[in-house]
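Build the full structure now, drawing on both the sequences and the hints.
Going left to right, the sequence shown walks through residues 166 to 374 as the numbering used here numbers them.
Among the hints, erroneous ones may be present.
[Said to hold, decoys possible] Here are the computed lysine-lysine pairs in the DSS-like style, where the Cα-Cα straight-line distance is at most 27 angstroms:
no.	residue 1	residue 2
1	Lys344	Lys303
2	Lys247	Lys280
3	Lys233	Lys179
4	Lys327	Lys276
5	Lys294	Lys170
6	Lys210	Lys294
7	Lys276	Lys179
8	Lys179	Lys294
9	Lys280	Lys359
10	Lys179	Lys359
11	Lys210	Lys276
12	Lys359	Lys294
13	Lys344	Lys294
[What the hints assert, rightly or not] Here are the simulated distance ranges between beta carbons:
no.	residue 1	residue 2	range
14	Arg283	Glu364	20 to 26 angstroms
15	Ile229	Asp321	35 to 41 angstroms
16	Ser341	Lys210	34 to 40 angstroms
Bear in mind the hints are in silico, worked out from the structure with no lab data behind them.
Keep in mind it's a predicted model, so treat the numbers as computed, not measured.
The beta carbon of each residue, even a glycine, is placed where N, CA and C say it ideally should be.
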Amino acid sequence: MPLFKEHRINADTKLGVWHCSETIPQLLEMAVIDEGDWDRCASFKNQQRQKQFLAVRILCSKLIGACKIMYRPGGMPYLEGKEQHISISHCHDYVAIIISNSPAIGIDIQKIDNKILRIRNRFVNDEDKKIIDFENIKHLTLLWCVKESLYKINGDPNVFFKEHMRLEHWDNQASSQLKASINLDLYRRKHQFKFEILENYVLVYTVFD
Numbered sequence: 166m167p168l169f170k171e172h173r174i175n176a177d178t179k180l181g182v183w184h185c186s187e188t189i190p191q192l193l194e195m196a197v198i199d200e201g202d203w204d205r206c207a208s209f210k211n212q213q214r215q216k217q218f219l220a221v222r223i224l225c226s227k228l229i230g231a232c233k234i235m236y237r238p239g240g241m242p243y244l245e246g247k248e249q250h251i252s253i254s255h256c257h258d259y260v261a262i263i264i265s266n267s268p269a270i271g272i273d274i275q276k277i278d279n280k281i282l283r284i285r286n287r288f289v290n291d292e293d294k295k296i297i298d299f300e301n302i303k304h305l306t307l308l309w310c311v312k313e314s315l316y317k318i319n320g321d322p323n324v325f326f327k328e329h330m331r332l333e334h335w336d337n338q339a340s341s342q343l344k345a346s347i348n349l350d351l352y353r354r355k356h357q358f359k360f361e362i363l364e365n366y367v368l369v370y371t372v373f374d
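Below, the structure is given as structure tokens:
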């Protein structure tokens with residue numbers, strides 16, 4: 166299981182991406198998990214989901230050492246007994262995590278696929294259309310990843326991609342960085358992200374000024 170990417174965003178923030186090509190027995194040999202982790206892993210009927218579960222824990226231990234990933238009632242992950250925060254994403258054979266002392270972190274990885282054209286009206290609003298090409302599959306995938314990352318930062322199940330999130334700035338001819346915002350009565354904040362194209366996938370993650 167080669168490490169596809171490791172990056173220190175700043176002194177307090179690390180990013181890691183793995184391309185998982187191993188079998189479940191091979192991953193189990195590398196993973197340090199307890200009975201609770203194994204029970205959760207075994208509860209997934211899909212083997213790819215089991216691989217993702219194990220690969221995330223291997224990647225986390227490679228970045229920061231021994232750790233245990235837990236989940237809050239809403240599904241947001243956290244690191245038991247540590248002050249650091251974590252955000253997780255997985256798509257097919259890829260898993261990606263970002264770990265930081267800051268709670269305002271989010272990450273998402275998605276395959277570039279024309280299937281996104283079917284759902285674009287569910288998450289693209291008129292403000293977004295001023296910045297991205299509504300017919301461009303890569304642009305749409307990038308926007309989805311940004312909004313998914315925003316959702317992970319906020320964690321409120323009542324936040325909706327189309328109604329409450331918008332792309333604020335992106336020079337799509339020159340920049341791999343962009344800004345996006347969440348707009349709620351009790352939470353109005355802009356966040357900065359960076360994106361990368363990894364083979365046929367879009368990776369988006371939080372960066373800081």
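Verification of the hints:
| no. | hint | result |
| --- | --- | --- |
| 1 | Lys344 / Lys303 | holds (17 angstroms) |
| 2 | Lys247 / Lys280 | violated (39 angstroms) |
| 3 | Lys233 / Lys179 | holds (17 angstroms) |
| 4 | Lys327 / Lys276 | holds (21 angstroms) |
| 5 | Lys294 / Lys170 | violated (31 angstroms) |
| 6 | Lys210 / Lys294 | violated (39 angstroms) |
| 7 | Lys276 / Lys179 | holds (22 angstroms) |
| 8 | Lys179 / Lys294 | violated (32 angstroms) |
| 9 | Lys280 / Lys359 | holds (23 angstroms) |
| 10 | Lys179 / Lys359 | holds (14 angstroms) |
| 11 | Lys210 / Lys276 | holds (22 angstroms) |
| 12 | Lys359 / Lys294 | holds (19 angstroms) |
| 13 | Lys344 / Lys294 | holds (15 angstroms) |
| 14 | Arg283 / Glu364: 20 to 26 angstroms | holds (23 angstroms) |
| 15 | Ile229 / Asp321: 35 to 41 angstroms | violated (27 angstroms) |
| 16 | Ser341 / Lys210: 34 to 40 angstroms | holds (37 angstroms) |
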